[in-house]
Amino acid sequence: SSELTQDPAVSVALGQTVKITCQGDRFRTFYSSWYQQRPGQAPVLVIYGENNRPSGIPDRFSGSRSGDTVSLTITGAQAEDEADYYCNSRDSRGETWVFGGGTKLTVL
Amino acid sequence: EQQLVESGGGLVQPGGSLRVSCKASGFSFGRFKLNWVRQAPGKGLQWVSYISGSGETIYYADSVKGRFTVSRDNADNSLVLHMNSLMAEDTAIYYCARESGERRTWYFDLWGRGTLVSVSS
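Protein sequences appear in the order of chains S and D.
Positions 1 to 108 (the numbering used here) are the ones given, in order, by the first sequence.
Positions 1001 to 1121 (the numbering used here) are the ones given, in order, by the second sequence.
Incorrect hints may have been included.
These stretches of chain D come out as covered by chain S in the derived footprint (C-beta under 8 Å, 3 or more residues) [stated by the list, open to error]:
1) 1010-1023
2) 1103-1109
What follows is a list of derived Cβ distance ranges for each label pair [what the hints assert, rightly or not]:
3) S/54 with D/1043: 21 to 29 Å
4) D/1056 with S/16: 43 to 51 Å
5) D/1057 with S/3: 19 to 27 Å
6) D/1053 with S/7: 29 to 37 Å
By construction, these hints were calculated from the structure, which means they are not laboratory data.
C-beta atoms are modelled at their ideal positions from N, C-alpha and C, and glycine is treated no differently.
Model the full assembly from the supplied sequences, consistent with the hints where possible.
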């Protein structure tokens, strides 16, 4: 079982806001990052650190943290946002990484 | 363009060995830490191994420790994962991923397309 816990599936109506969460005590030491993976494609980094977006990632993607839970929020979800989303973080000693189990986002 | 390209995947029998590679281009290879991440069919992402920019520091997931060996050649811009004693559970797409960041903020900012390793008799 994963040490980072995500809901397996979430749905959102087109144009609405959705929050995908990830729970784990690793976030007390290291910030999390979020990855989008569309079917048949490699993962893509969408959020890292406190709330940073790599170049080319739309500003409708944002990140936040509250205690042991980090969240990825998509404000005004688009059809192309339908994908699997994974959180990850390092362990407290910085030696290993762990991914959450992934959340399948459906845009209705 | 910054790029990572994996190769070497294929079908191997249980107990066999395989070597997968990752070739980098478009960035200063030796400055970056690298990781292997795998994904079994229909499953989520699983971290496999880490190697520092110099190659001096290496970590493995418990599930592959003692069976897999990671190495890099900074002169050739290449990363290699030697896999021994392969099991059916090792069947997955293997991605190499570049690690960036500092202090408390670390992330995988560049991924290859992956190479499929299938372990079956």
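How the hints compare with the structure:
1. 1010-1023: violated (count 0)
2. 1103-1109: It holds, with 6 qualifying residues against the three required.
3. S/54 with D/1043: 21 to 29 Å: holds (25 Å)
4. D/1056 with S/16: 43 to 51 Å: holds (49 Å)
5. D/1057 with S/3: 19 to 27 Å: The hinted range 19 to 27 Å holds for residue 1057 of chain D and residue 3 of chain S, with Cβ atoms some 22 Å apart.
6. D/1053 with S/7: 29 to 37 Å: Because 36 Å falls inside the window, the suggested range holds.
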